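One letter stands for each residue in the lines below.
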Amino acid sequence: MINAVLVFNNHGKPRLVRFYQHLAEEVQQQLIRETFHLVLKRDEHICNFLECGSLFGGADYKLIYRHYATLYFVFCVDSSESELGILDLIQVFVETLDKCFENVCELDLIFHMDKVHYVLQEVVIGGMVLETNMNEIVAQVEAQSKLEKAEGGLSAAPSRAVSAVKNINLPEIPRNINIGDINIKVPSLSQFM
Amino acid sequence: MSDVVERTLSALPALLGPQHPAAGPGRLPATSRLGSLIRSITALTSKHEEEKLIQQEIASLKAMVSAPTTTLRLMKECMVRLIYCEMLGYESSFGYIHAIKLAQQGNLLEKRVGYLAVSLFLHENHELLLLLVNTVVKDLQSTNLVEVCMALTVVSQIFPREMIPAVLPLIEDKLQHSKEIIRRKAVQALYKFYLIAPNQVQHIHDKFRKALCDRDVGVMAASLHIYLEMIKENSSGYKDLTESFVMILKQVVGGKLPIDFNYHSVPAPWLQIQLLRILGLLGKDDPRTSELMYDVLDESLRRAEINHNITYAILFECVQTIYTIHPKSELLEKAAKCIGKFVLSPKINLKYLGLKALTCVIQQDPNLALQHQMTIIECLDHPDPIIKKETLEILYRITNGQNVTVIVQKMLDYLREGKEEYAVVTLAGKVAELAEKYAPDNGWFIQTMNAVFSVGGDALHPDIPNNFLRLLAEGFDDRKEDEQLRTYAVRSYLTLLEEENTFYPQKFLQVMIWVLGEYSSLATDVDPEIILTRLHSLLKKTFVTSDTKAWIMAAVTKIASRTSCSKTIDKLIKEFSSSLDTCMRQHAFELKHLCEDKVLMKNLLPFDASCNDVVVDASLSFLDGFVVEGLSHGAAPYKPHHQRQEEKLSQEKALNFEPYGLSFASSVSSSGITGRQSPTGLSFGSDTSGNSAETGHKETNTLKLEGIRKLWGKEGYLPKKESKAGKPDEPQAASCDNLLAGRVTDPSASQSDQVSSFSEEEKEKQQLASTLFVGLGSNAGVSLMGKMDVATQKFKRKSKINETQNSEEASDIQNSDASTFGPLLDTVPVNKEDCEGNKHTRLRKPSLCSSDTVEDNLAFETPQSLKKPGLNDRLSDSRLSPLSLFADSNIEIFQPSSSALCESANKTSSVPSLPKELEELPHSEVVELCQSDALALYLCKVWKDDSLLLAVFASNKKGSALNAVNLVFEKAEHFQILESPAHQFSVIEAQSVEHCQKYVWMDKICTQGILPGSISYQSEMESCLEFSVTLSLLDFIRPMEMTTEDFGKLWLSLSNDVKQNIKMLPSQDSLSAALSTLQQKLKLHIVDIIGNEGILACQLLPSVPCLLHCRTYSGMLALWFRSPCSALPDGLLYQCQKVMEES
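Chains as they are written, first to last, in this note's numbering: chain S, 1 to 193; chain X, 1 to 1143.
Just so you know, the hints here were simulated from the structure itself, not pulled from any lab data. Every value quoted in this text rests on a predicted model; they were computed, and no experiment measured them. Just so it is clear, CB atoms sit at the ideal spot from N, CA and C, and this is done for glycine as well. Treat the hints loosely; a few may be bogus.
Keeping only pairs whose Cα atoms sit at most 16 Å apart, straight-line, the calculated EDC-like set for lysine to aspartate or glutamate is [unchecked claim]:
(1) X/K389 to S/D60
(2) X/K571 to X/E596
(3) X/K944 to X/E919
(4) X/K765 to X/E378
(5) S/K13 to S/E34
(6) X/K356 to S/E51
(7) X/K284 to X/D240
(8) X/K284 to X/E919
(9) X/K389 to S/E51
(10) X/K284 to X/D216
(11) S/K13 to X/E50
(12) S/K13 to X/E51
(13) X/K957 to X/E1020
(14) X/K328 to X/E291
(15) X/K541 to X/D581
(16) X/K179 to X/D216
(17) S/K115 to X/E50
(18) X/K232 to X/E299
(19) X/K76 to S/D114
(20) X/K356 to S/D60
(21) X/K347 to S/E34
(22) X/K347 to S/D60
(23) X/K337 to X/D298
(24) X/K334 to X/E305
(25) X/K210 to X/E162
(26) S/K41 to X/E86
(27) X/K334 to X/E299
(28) S/K41 to X/E420
(29) S/K13 to X/E49
(30) S/K13 to X/E86
Some chain S residues near chain X, calculated using beta-carbon distances under 10 Å [stated by the list, open to error]:
(31) R15
(32) D78
(33) G85
(34) Q91
(35) I125
(36) N133
(37) N135
(38) Q140
With these hints in hand, go ahead and build the complete structure from the sequences.
Next up, the structure:
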């Protein structure tokens, strides 16, 4: 399980903080600070993984991080997650942000904090990886921003806005995998291209 | 792609100038208040200024959100600012309620912000969260997809546990939704529910299966989360899904997914990783299941060849799976090669994972360590601490008697430079373990432990000093050895204490002080006066805590008992008799008085008696007189804490406890009255209530008597009297030994690839390698097993002590077992002979169908019998109890109808039938377990009253006799085979059937478990068949007869409870119908039914009771279980749900 997703800049200023387990406010801040110090003193040519010891309460938690220009993306995970898998999940997250913001930069993260949260919400939900397919994530988030535009135009007539929104279709991406009935051995594989 | 990101991000510092005017046109709403807030924050220079600014901001936000004129639109903006403030660590709890309001009232966009804020601000147990439930329910029912989506998202992030029933049906409906995204999120929400309240979603497991078969990959992937979790808990229940998982993986690996799912041209890598994990769990220790997955694992290894991070992630998972499941040499070889790729990779991340993989497999395949020894040595000096630590972990696992000194040295080096407390503590524990296990000599052992104590400091796990001291105290089999070790320790500590102004951690000091106090006299050439002076000077040090001072005083007292007179002691007494520290003053006075009576002192503090058992009267019988007096003065009899609470609770909440509440009250008052009347009456009363000592001891009941209390029943009282004072927990060595026994690897596997020649400059490393990896090579193949080699284990503890402790523990358990029933047994005069007689009759005439037998049984019946046979119970009950509505309850479970029996017997001539004496007991059909050309194995479960009997039939299908047929049940986690797990048929004649019987108990509670076994036989060649028997919890549940009063008492004395409401089907709309279902299907005994409430009782063999209280209201059945065992109610609840749904 992913316990926390932290994004902070080179000076340790938090840019995105999302905890998936409940921690008191002070503990959260302390964690951010300590994580920052742990990550900062690592140079470029060592592991992207590090043990955070007792930070999260003793058990075998790991920090997995990537450094992009001015920002550190840190995922704190327990032993049930694949390290390399998470490392690439960070990449997926960042690439998705890049698609959503058209060349993302730190300022986007600051001024559109809510939107960043919505993107993250499509990737990781309740500490579990929900979606790793970038196109799908972008489509979901765009469907919501469409909503925003519609809202902006129709603000004078809220009732119409609601009905308009109701007609919005969530995007459908053709994706079919037929696993067949669980007890039947061989599904017709010819369906797949 | 990442290049683009990096480029844009690197352009950022320029944008972040003090005015940063060019921060992306159109991106920043010029009028945004958040924007201006952020701008002013970035302009600040100090933390203090920031704090001031944010406080201002929060104050203005507070005013704004509570102003009635604030529109929702404005509120939405406020929320975003609040989220920002919270992120920076500033509390803004005043806004929480407004976030909920926004989620409730806003339009879609505002709702979205509201939900986000709620999920960021609140936690699962926050009381405000309850206010959100209604909104969620409303949104789940909305026709708008976006609203439903948002509601599902918030549910899977955060939801109050107790409100799950409110939304569960709605979410279940969503599993059939036409949109994939909705189905996917619904599955995710159910996963969340499974995590926080597994009981509540037990009934929808088949829906999970549907989700797994969903035509959308996303939904299927989401359901894997649930399966991974469920399989982790109970892999045996999902073996049938193995083929499906394998097939899914095959299709994914084979690239049958839409191109969309590719990541760097690898198809759905995360999905693959998840599936590999599941397969690993399923195939663990199960050759049959493992068989199914060899192909696909091979293919995964083959396909993952592109050189990208993500393929390595899959490879790593693959390797782990291959090493977890039942081994196949071909795959192991490939996996080993893969590990090599990781270890030798120049990429540091991969190298780390390679080491991690090595750590996992090193015990199975020590050769790998030899192959990579040079890499391991290099990694020892790696600058990255995580790599270094993982390397030490490998070394820790390959330690043996020959290389222990080098490895421990390396670990201590790391410890000395390490700063992180957590890592230091774990590693120090490992060093201590290794030192204890493989120490080559006394000096080294003591020195190493000294290093551990001084480096580990006070954060050390308390077990380490405790174990060390126990090791010294208990000693070994050789007396001389003991003395040498102790003397060495004394001398080494004296030298350490000699150095003035050295700081030692408290724990280390305590160890030194204890050893000096206990064994200083062994060093005969040292004047005790010197030791006393040392200790005295320590007492005056400021860094010594009061805790340690108490240790010092104890040590001084011990030394004083062995010396005639000492100036230092007199000085010490004088000094501390007037100390301000009351504790020290007390110690000083004690010492003074003891010194005056040397004989007493010697008796009190005998030499080297620290591990002698001290006899303690745990029943506190010496207080009986006091109790009698107290009672005769009118004191109320003692009630245990939980009982008082229970009574209070029942009064407060006015729950209807009528059936048992009444009788309970009367029994208490009667004992109270007799107590008041005469001491003889009291003794009877106190005997029955089992609280003789506690009764009058009310004023001291703040003492923690919890642990002993249960033993004070009549049954627990007598045996406990002899029992010794409990030792601290069992020494670790015993469990270590067991562990080690499990670590045995195949000795034949050690053909080593000794690296023959090293280049000159590597000579040093080579030397290190040869010391580190000694014992792993071919010539030392056996001493690799030295892990379990007794000779190398110098500090093996005396086995005697383990034994006594084990037996003590066992008897403790028995005692507590017996005492659980204490109150029950006490109320009824127990007649052992009657019981015996009853049993005999049962054995002789087990048939229960004829009314004669019933009469017969009734005649012998004692009300006590806890081990009553199921059917006897049922029938006698139906006769005895006028309340029972189930006189006609059918008995299908217990007694298959005779016609069915005939049928099964006739089906095939080869299917054997039970012997006469078992035939008449309730039993299952005879099923085939496995067969080969020569032999067929059949099984029949016989539900005996006191155990589950497995009757195994071996049928010889050949024309010639089979020799040396050996049946063995393997050790299973959950089950215990009474007597021996093996059975030997000396010979099975041609075409004939032999049978054997095994009695099984459930050791650890599980709803369903597998008992594996194998049978080997000799025909032309030696052959072996493997089989497994599935046993369910219900096989071990028997009815438990008791009266309503007994139920009431037992109910109050049990602490683990589980409550759950389940829907009743129309077919069982009445309570009696529902209860009779439970009675028939689960073998529960119905104790009583009053109005819309019923009570039932059953026991898990051998004798763990579980009580059930049922109540019906408006179509729901409220179940309330209680049992001394925490897992039992959960298991039974699950069975209840299943049964109620089926019927």
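Now for the hints, and whether the structure bears them out:
1. For the suggested pair X/K389 and S/D60, the alpha carbons sit about 13 Å apart, so the restraint of at most 16 Å is met.
2. About 15 Å separates the Cα atoms of X/K571 and X/E596, which keeps this hinted pair within 16 Å; it holds.
3. Note on X/K944 and X/E919: the hinted pairing holds, with a Cα-Cα distance of about 11 Å set against a maximum of 16 Å.
4. With a C-alpha separation of about 8 Å, the suggested pair X/K765 and X/E378 falls inside the 16 Å cut-off, and the hint holds.
5. The straight-line distance between the Cα atoms of S/K13 and S/E34 is roughly 12 Å, inside the 16 Å bound, and the hint therefore holds.
6. Between X/K356 and S/E51 the CA atoms are separated by roughly 13 Å; this keeps the pair inside 16 Å, and the hint holds.
7. Restraint check for X/K284 and X/D240: satisfied, since their Cα atoms lie roughly 14 Å apart, inside the 16 Å limit.
8. For the proposed pair X/K284 and X/E919, the alpha carbon gap of about 37 Å is over 16 Å, so the pair is violated.
9. Restraint check for X/K389 and S/E51: the C-alpha separation of about 10 Å stays at or below 16 Å, so the hint holds.
10. Between the alpha carbons of X/K284 and X/D216 the distance comes to roughly 29 Å, so the proposed pair goes past 16 Å and is violated.
11. Of the supplied pair hints, the one linking S/K13 and X/E50 holds, its CA atoms being roughly 12 Å apart against a limit of 16 Å.
12. Proximity of S/K13 to X/E51 is assessed by CA-CA distance (about 14 Å); at most 16 Å being required, the pair is judged to hold.
13. Proximity of X/K957 to X/E1020 is assessed by CA-CA distance (about 14 Å); at most 16 Å being required, the pair is judged to hold.
14. Distance restraint check for X/K328 and X/E291: the Cα-Cα separation of roughly 9 Å lies within the 16 Å cut-off, and the hinted pair is therefore satisfied.
15. Under the criterion of a C-alpha separation no larger than 16 Å, the hint pairing X/K541 with X/D581 is consistent with the structure, at around 15 Å.
16. Under the criterion of a C-alpha separation no larger than 16 Å, the hint pairing X/K179 with X/D216 is consistent with the structure, at around 10 Å.
17. Proposed proximity of S/K115 and X/E50 is contradicted: the alpha carbons are some 24 Å apart, above 16 Å.
18. Our distance criterion of 16 Å between C-alpha atoms is broken by X/K232 and X/E299, whose separation comes to about 25 Å.
19. At roughly 11 Å between alpha-carbon atoms, X/K76 and S/D114 fall within 16 Å of each other, so this suggested pair holds.
20. A distance of roughly 13 Å separates the Cα atoms of X/K356 and S/D60; the hinted pair therefore holds under the 16 Å criterion.
21. Distance hint between X/K347 and S/E34 is unfulfilled; the C-alpha atoms sit about 26 Å from each other, more than 16 Å.
22. Our distance criterion of 16 Å between C-alpha atoms is broken by X/K347 and S/D60, whose separation comes to about 23 Å.
23. Our distance criterion of 16 Å between C-alpha atoms is met by X/K337 and X/D298, whose separation comes to about 13 Å.
24. Proposed proximity of X/K334 and X/E305 is supported: the alpha carbons are some 13 Å apart, at most 16 Å.
25. Taken as a hint, the X/K210 and X/E162 pair is broken in the structure, with Cα atoms around 26 Å apart against an allowance of 16 Å.
26. Between S/K41 and X/E86 the alpha-carbon distance is near 26 Å, which puts this suggested pair outside the 16 Å criterion.
27. Distance check on the hinted pair: X/K334 and X/E299 sit about 11 Å apart at the alpha-carbon level, within 16 Å; holds.
28. Pair hint S/K41 plus X/E420 holds up; C-alpha atoms about 14 Å apart against a cutoff of 16 Å.
29. For a cut-off of 16 Å, the pair hint linking S/K13 to X/E49 stands: about 15 Å separates their Cα positions.
30. Restraint check for S/K13 and X/E86: the C-alpha separation of about 13 Å stays at or below 16 Å, so the hint holds.
31. Taking 10 Å as the C-beta cut-off, the interface hint given for S/R15 holds, the closest approach to chain X being about 8 Å.
32. This hint is violated: S/D78 has a C-beta 13 Å from the nearest C-beta of chain X, more than the 10 Å allowed.
33. Because the closest C-beta pair between S/G85 and chain X is about 5 Å apart, less than 10 Å, the hint holds.
34. A cut of 10 Å between beta carbons decides the hint on S/Q91: the least distance to chain X is about 7 Å, and the hint holds.
35. At a threshold of 10 Å, the smallest CB-CB gap from S/I125 to chain X is about 5 Å, leaving the interface hint in force.
36. Because the beta carbon of S/N133 sits about 6 Å from the nearest beta carbon in chain X, less than 10 Å, this interface hint is met.
37. The beta carbon of S/N135 comes within 6 Å of a beta carbon in chain X, closer than 10 Å, and the hint placing it at the interface holds.
38. Annotation: S/Q140 was flagged as interfacial toward chain X, and the flag holds, the nearest CB pair being 7 Å apart, inside 10 Å.
Of the numbered hints given earlier, the model fails hints 8, 10, 17, 18, 21, 22, 25, 26 and 32; all others are met.
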